[in-house]
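Asks: The lines below spell out each chain.
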Amino acid sequence: MTDAFVPQTGADEGARAELTELPEVAVTGLTAGSQPFPAEHARPGAELPVGDEHGMGGEVKGQFRIVAGRFFRQRLAVTGLVVFALLGVAAVVTGHVWHYTYSQITGQYAIGPTGQHPFGTDDIGHDLFAQVMRGVEKDIQVALMVALIAMAIGTTVGALAGFYRYLDNILMRFVDLVLSVPILAVLVVLGHLVSKQAGNWFWVAIIIGGLAWTYVARLVRADSLSLRERDFVEAARALGATNRRIILRHMLPNAIGPIIVNGTITVATSIILESTLSYLGLGIQPPEVSLGTLIAAGQDTATTQWWLFVFPAIFLVTLILSIFLVGDGLREALDPKKTRVRA
Amino acid sequence: MLAYVLRRFAYSIVVLFLATVLVFVLVAESGNPLAILLSNPRVSHRTILEREKLLHLNLPLWDRYWIWFSHAVRGDFGLTISNHAVGPELWQHFAITLRMIIPATIIAILAGVGMGVYAALRNGRVGDRASMTANFLFLSIPTFVIGVVLKEFVAIPINQHVNRTIFYTSGEQSPSLTGNVVQRLPDYVAHTALPVITLVLITYSSWAIYQRSATLDAIDSDYVRLARAKGLHPRRVLTRHVVRNALIPVTTVIALDFAAVLGGAIITENVFNWQGMGTWFIFGVGQLDINVVLAYLLVTAVAIIAFNLLADVLYGLLDPRIRYD
Amino acid sequence: MGKGELVRLMNLTKWAVGLASAGLVMAACSSSGSGGSSTGSSQSVKSGGSITYALDENLAGFNINTSAAAEFVLQEVLDQVWPTVFNADQNGTPFLNTELVSSVTQTSTNPQTLVYKINPKAKWSDGQPIDAFDFWYNGMIQSGASSITDIDGKAPDVASSAGYNQIKSVTGSDPANGAACKSDSVTGITGSISCGNGDTVTVTFSAPYADYKALFSPMVPAHEAAKVGWNTGFTDWHTVLSGSWYEISNYVENQYVVLKKNPSYWGTPGKLDTITFQIFNGDQQAVPAMQNGEVQVIQPLELDLATVQQANQLTGVTRKLIGGFQYQHIDFNQSDPYLAMTPVRQALAYGTDRKQIVARTIGEYDPSIVPLGSRMYVPGQTGYVNNGSAFETVDVAKAKSLLQSAGMTMGSDGYFQPSSGPQKGQDLTFTLKSTSGNTLRANIEQLLQAQWKAIGVKLEIQNETASTLFGTDLPKGQFQITLFAWVATPFVSANEAIFCSYTNSSLCGENWNHYANPQVDKLLTNGAAATSSQSETNDYNQADKLLWQDMATLPLFQEPVFTVWSNKYGNIVPNPTNFGIPWNANLWGLKAS
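As given, the protein sequences belong to chains A, B and C, one line each in that order.
So in the working numbering the end of the first sequence lands on 343, straight run, no missing numbers.
So in the working numbering the end of the second sequence lands on 1325, straight run, no missing numbers.
So in the working numbering the end of the third sequence lands on 2593, straight run, no missing numbers.
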């Protein structure tokens, strides 16, 4: 729908993108009600264009320092970052040093938390602490993989589409295709196919990433549409720069802010999607665990064997929340207009 | 505007057509829905052949698609693998889903807009922080976690405490419910409360965050500063200028978010055992029931495309700076 | 568990139970043909009132005798609606429904000839009599003969032709009140029955069929089917005439089926005014619904600890766990070069701690369950003997020595390595395929993985959807080891198809394991033709002993059936057969206080 909006004031692509970005960013969210971040972050990250090679290093460094400074001034965002880092490190370390592995059948089964089993054990004798930590690890692994896929494809396609109009049409039709059905429904169909693949966390990541990139591509496209008309791009073109050089050296560096913010949010939303799929039995398959499979297994005994539901649920929510907080912090830090808001 | 809407509509038809081809191939290639009968020696080969014929499974893929397509354009969605007409089943499940998503969407809009404006007005103060914290929390809780928590840790204890069923945790209504709509309403409400609360909680938060940000932008805008400078009453500035302008982007966001609401309904129905479209769809996927899967995707896609168009139109109507060509 | 319909679908339970209802009614071949036995009536109840039963799946239609609709849940609904000649009581013993058919007599054994005497008062709820025409139609349409079609010319969808395909003729005589004989026919079925309105039915078989009590259970109304058709005529409940205590008064798909007393029932009427089957999306909803007072009887198909625990918190109810007819087992595909070696299969069996598997799965809520010692019978069933006591206790040392004797050497990583074959010099690794989304099986798999690691065997898990597993992988032999459930029945002869030599592909279609032992074949054939129950049991137990020796398959445990009902009601008697708990629902009622 987006290419239909043409503001009366000025037909240039830049202004056009400004106006159209609203509906576009609105669909950043991949799951129900999870498109939290309004349009701001789709604007070219900083008002300062990143220059040509001479002086670029210094300016980027300077800009990075400004952004980092803004980010670390936000208490919630820093908390989110710390919590996320702790969870990630704990998950990896636990796998190596904890006295049970996630797949080990221990002597005790169906017991509540004890010193030996701080989170209790499940019906067949898995140590739940080892399992929750494995679940955190798998969730992060899937989410990072999804973000990687989505960012790589989305940025490439988005940048090209924003720059070459004929690609734009093809891209936008494909994006329309993906956006015209609930993404969860598409994942259910695909999940049914990949749920029997061995080592299927990888496949789960592929199918989520295979859809998520379209959201990234839309954003990057909007940015490049706007950037393409900016003075410094015009200048580069006038100096005889090739398209490739313009995209790589001038446009992408300037779009990097929104891409980073969006990547962060993609990490959080893909955890929600993965855990939802796993909860439905269409994502990660046993004996591998994810927080979604643990919650699915524990939900029915939520009142009698509360630990089987409560621990995985708390870790899942904490994990997602920490990433959202980091994302929001990054958005604030990258948006100079928003410095007045202390979130 | 009409030309624009028509062109969008034409685009959408093409998109829909491609979507059905893709899904058809995907589901058809993933297996034979009657395969399980083959392993049952008591079912004769003749029976299996007959059922395959009925579902056109004996034909090449593209012939099957053509049969489906030529019937679907006439509103006939074919048979389920248990030989029921898909159409009536579809509308029955759709009606049940609507009973959940209509009230949920209305409440979520009110909650989202209300909390967003409130937070913006209390910008940076305790009220703002509290509501933003709640928003982020609900944003981070997956649907199924909210559903299970409401069911197991809220509804059942309350029911046990008062020793009577206030919240039903399963199904969309009691069996053999009789009477007219007014008489049935209390039962509907008792069944619908938990799913609606779940859907509201997962939906409203992002709208509230969005509304807050849009309101802040409006407060900060030149025209509001001008209005204030003119000495307009603060309440008038708020209602006439701030909220009105801040509602423009949110309207489109909400319309566009319809896909997400439908997605959320899949899980909510699953947790609360509602026999809505989502449950029907998931069951259909499991059975490789291609006509069920396609009917679901077609109906949701049409709804989403309609809402996207609505978003475009609303955007244009609300913001006079926009014109369509 | 609670993960929606998809999960339920992927469970063999439904399929296997549906299969049982497709014709294998509980009936012991040895018992005599007539005489109504226990019908579960003991408490005095008053007339009137209603009850709601939790049905854990949607109905696919109403013609239980078609493969499209043959489901356990539908059988439960139809128990009280369509006429059934033989019912099965809580012990699985068949008994004649004497209000429908006063006697069934075998008048000749060569050719086998049965004479059914229909109650002259028996009629369908539209007033048409239940007569020889109904027997004729039901016998013909299910015969599987290629000349027979449905009224629209299409082949009839028949869930099971077993028995019907051996019927030579069905004739009628003795019309009620001395009326004249009248011939009946149906489009698509060649020929006619000359005395369709007769109340005496004579069925002659072309070959003896010992399990004849499974036939005509239930019967489809012939005169209605002649109008609406067999395949699709009964997808709408309005055509489902009653020929029994209750009739369908309302059905909303995915929501409920309401039965009300059949006003034209000719015998002792049912006690309750209405019986509602509320349809649930899986079993996890049943207990909370009972807690909320939405249902009064539940019998979850897929049982787990959570369900039993939640049910234990209910007050004012009776809970009962009884042994069921379904059992889980592990199968070894002998077309695999390593699994072809008996010592390897035996080693895996010795390395399987079945007691631990039981203790950590269903033993958590049913401590009475022990490792299953037979493939032919389940504990509680006449004829059950524990033939597998040698494998009851895990024996790691023995397992290891057996693997060594099969030419494996222990590697430095703790896994055995074959000295020949495709895995030569590598860790001995097997892949187990089962159905995805089944918590019980996923748990068994993980326990096995740990247990077999202790004997130096690596186990990989690769679960499939039920349709892939049962539709492709097993029939095509594309597996090494599999885990699923069979439903045992007193029709022990059904086991022949599973255990007789795979080389006989037409008879032994379910022997997916490439197992072959002529001695077993002989014993199974003898058992099927046995004249006394003693020698029948003896033959089958001998066969089972050989199967244990050869370690053809490893039975794990019998699954329990769990029923909970409100104490306000009397005469509710759990029934482990495919009739389910509503088998005697005509006697259910509110207790007279």
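None of these hints come from the bench; they were simulated from the model.
Given the structure is predicted, the values throughout are model-derived calculations rather than measurements.
A portion of the hints provided could be inaccurate.
Stretches of chain B that chain A covers, calculated by requiring three or more beta carbons in the stretch to come under 8 angstroms of a beta carbon on chain A [as the list claims (entries may be wrong)]:
hint : segment
1    : 1078-1087
2    : 1147-1154
3    : 1178-1188
4    : 1250-1264
5    : 1280-1292
6    : 1299-1306
Glycine residues also receive a C-beta, built at the ideal position from the N, C-alpha and C atoms.
Asks: For each hint, tell me whether it holds in the structure or not.
Replies: How the hints compare with the structure:
{"no.": "1", "hint": "1078-1087", "result": "violated (count 0)"}
{"no.": "2", "hint": "1147-1154", "result": "holds (count 4)"}
{"no.": "3", "hint": "1178-1188", "result": "violated (count 0)"}
{"no.": "4", "hint": "1250-1264", "result": "holds (count 10)"}
{"no.": "5", "hint": "1280-1292", "result": "holds (count 4)"}
{"no.": "6", "hint": "1299-1306", "result": "holds (count 4)"}
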